[in-house]
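Engineer: Sequence:
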Amino acid sequence: MDVSSIASYASLQSQGQVREQVQLSVLKTAQDMASQGAMQLLDSVAQTAPVSTASSNPNVGNNIDVRA
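In short: position in the sequence shown from 1, add 1111, done, that's this note's numbering.
Treat the hints with care, as some may be off.
Ranges between beta-carbon positions, derived for each pair [said to hold, decoys possible]: (1) Ala1145 - Asn1173: 49 to 55 Å; (2) Tyr1120 - Met1150: 42 to 48 Å; (3) Gln1158 - Gln1124: 49 to 55 Å; (4) Ile1175 - Ser1136: 49 to 55 Å.
Read the hints as simulated data drawn from the structure, not as lab findings.
Positions of the beta carbon are idealized from the N, C-alpha and C atoms, including for glycine.
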(Lines of atoms letter the chains of each structure in order from A and count residues from 1; the text may use other names and numbers.)
(Lines give C-alpha, C1' and ligand atoms only; values in the text may rest on other atoms or scores of the structure.)
Protein backbone atom coordinates (compact mmCIF):
# COMPACT_ATOMS: atom_id res chain seq x y z
CA MET A 1 0.00 0.00 0.00
CA ASP A 2 1.25 3.40 -0.83
CA VAL A 3 0.70 6.60 1.10
CA SER A 4 -2.09 7.90 -1.14
CA SER A 5 -4.14 4.72 -0.77
CA ILE A 6 -3.75 4.84 3.01
CA ALA A 7 -4.88 8.46 3.04
CA SER A 8 -7.78 7.61 0.75
CA TYR A 9 -8.81 4.74 3.02
CA ALA A 10 -8.63 6.96 6.10
CA SER A 11 -10.73 9.59 4.36
CA LEU A 12 -13.37 7.00 3.41
CA GLN A 13 -13.47 5.69 6.98
CA SER A 14 -13.92 9.20 8.32
CA GLN A 15 -16.73 9.94 5.86
CA GLY A 16 -18.42 6.67 6.82
CA GLN A 17 -18.28 7.56 10.49
CA VAL A 18 -19.69 11.02 9.86
CA ARG A 19 -22.48 9.54 7.74
CA GLU A 20 -23.31 7.05 10.51
CA GLN A 21 -23.40 9.82 13.13
CA VAL A 22 -25.74 11.89 10.96
CA GLN A 23 -28.04 8.92 10.40
CA LEU A 24 -28.20 8.23 14.13
CA SER A 25 -28.92 11.87 14.84
CA VAL A 26 -31.78 11.91 12.32
CA LEU A 27 -33.16 8.67 13.78
CA LYS A 28 -33.07 10.04 17.33
CA THR A 29 -34.77 13.24 16.20
CA ALA A 30 -37.51 11.26 14.46
CA GLN A 31 -38.01 9.11 17.55
CA ASP A 32 -38.25 12.19 19.77
CA MET A 33 -40.80 13.78 17.44
CA ALA A 34 -42.87 10.59 17.36
CA SER A 35 -42.72 10.33 21.13
CA GLN A 36 -43.86 13.94 21.57
CA GLY A 37 -46.69 13.41 19.08
CA ALA A 38 -47.85 10.30 20.91
CA MET A 39 -47.78 12.10 24.25
CA GLN A 40 -49.80 15.00 22.83
CA LEU A 41 -52.33 12.55 21.42
CA LEU A 42 -52.65 10.75 24.74
CA ASP A 43 -53.00 14.04 26.61
CA SER A 44 -55.74 15.22 24.25
CA VAL A 45 -57.63 11.95 24.66
CA ALA A 46 -57.37 12.15 28.44
CA GLN A 47 -58.69 15.73 28.42
CA THR A 48 -61.69 14.99 26.18
CA ALA A 49 -62.64 11.58 27.57
CA PRO A 50 -65.89 11.63 29.48
CA VAL A 51 -65.61 11.01 33.18
CA SER A 52 -67.83 8.14 34.24
CA THR A 53 -69.79 8.60 37.40
CA ALA A 54 -70.97 5.71 39.49
CA SER A 55 -74.67 5.00 39.17
CA SER A 56 -76.81 5.31 42.24
CA ASN A 57 -78.24 1.88 41.37
CA PRO A 58 -75.49 -0.78 41.60
CA ASN A 59 -77.50 -3.19 39.39
CA VAL A 60 -77.55 -0.90 36.37
CA GLY A 61 -75.13 -2.02 33.69
CA ASN A 62 -74.32 -5.42 35.21
CA ASN A 63 -76.36 -7.57 32.80
CA ILE A 64 -76.45 -7.69 29.02
CA ASP A 65 -79.40 -9.17 27.13
CA VAL A 66 -77.87 -11.20 24.30
CA ARG A 67 -81.09 -12.72 22.91
CA ALA A 68 -82.26 -11.30 19.61
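Engineer: So, for every hint listed, does it hold in this structure?
Structural biologist: Each hint tested on the structure:
no.: 1; hint: Ala1145 - Asn1173: 49 to 55 Å; result: 41 Å, violated
no.: 2; hint: Tyr1120 - Met1150: 42 to 48 Å; result: 45 Å, holds
no.: 3; hint: Gln1158 - Gln1124: 49 to 55 Å; result: 51 Å, holds
no.: 4; hint: Ile1175 - Ser1136: 49 to 55 Å; result: 53 Å, holds
Hint 1 from the earlier list is the only one contradicted by this structure; the remaining hints agree with it.
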